[in-house]
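Visitor: Sequence:
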Amino acid sequence: MKAFLDVNVFVDVLERREGWKASIAMVRLVRAGRIQGYISALTPPILYFLRARISSEEEAKEDAKRVIEGFRIVPLSEEIISLSFDEKRMGDFEDSIQFYSAKPSSEVLITRNKKDFRAVENEIEVLTPEEFLEKYKPIP
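Quick note on the working numbering: the sequence shown kicks off at 23 and runs consecutively.
Treat the hints as calculated values from the structure; they're not laboratory data.
One or more hints might be untrue.
To be verified - Keeping only pairs whose Cα atoms sit at most 35 Å apart, straight-line, the calculated DSBU-like set for lysine-lysine is: (1) K125 to K136; (2) K87 to K125; (3) K24 to K110; (4) K24 to K43; (5) K125 to K24; (6) K157 to K43; (7) K87 to K157; (8) K125 to K43; (9) K24 to K159; (10) K137 to K157; (11) K157 to K83; (12) K125 to K110; (13) K43 to K159; (14) K136 to K24.
Unchecked claim - Simulated restraints on C-beta separations: (15) E143 to F115: 14 to 22 Å; (16) E145 to E80: 38 to 46 Å; (17) A141 to K24: 18 to 26 Å; (18) A54 to K87: 16 to 24 Å.
We treat Cβ as the ideally placed atom computed from N, Cα and C, and that holds for glycine.
Input sequences plus hints: build the corresponding full structure.
Guide: Here it is, written out as structure tokens:
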């Protein structure tokens, strides 16, 4: 199975936010080769930026690099950016980039904020980490 992970799943892990255990289980599934994991090329710089606010530059880079290990990166193309700028159904530009990165690469988009993707649920399955783990019961 090909699963695209939204940046907020990685933020769960790095910040130990509520639900982080399901999020780390998703990361482990990818690293174990149980599922193919994809992320947007936008994800590493966002993670770096968030970590750099609370740690050194070098630590922020290492955290971002470590957490996405094993994932395939969907390049930010002119088409993805253009589609995201033109997207009217979604209220957030960054979410649009995540969606247009996920759509051609994956069968399911894993996110902590399903409400942000309601308008496109008919185009790609959208699940929280917990829902994915319950529905597909992959072996960790």
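Visitor: All the hints need checking, so say for each whether the structure fits it.
Guide: Evaluation of the provided hints:
no.	hint	in the structure
1	K125 to K136	15 Å, holds
2	K87 to K125	24 Å, holds
3	K24 to K110	26 Å, holds
4	K24 to K43	20 Å, holds
5	K125 to K24	11 Å, holds
6	K157 to K43	16 Å, holds
7	K87 to K157	29 Å, holds
8	K125 to K43	26 Å, holds
9	K24 to K159	14 Å, holds
10	K137 to K157	19 Å, holds
11	K157 to K83	34 Å, holds
12	K125 to K110	16 Å, holds
13	K43 to K159	15 Å, holds
14	K136 to K24	18 Å, holds
15	E143 to F115: 14 to 22 Å	19 Å, holds
16	E145 to E80: 38 to 46 Å	40 Å, holds
17	A141 to K24: 18 to 26 Å	22 Å, holds
18	A54 to K87: 16 to 24 Å	19 Å, holds
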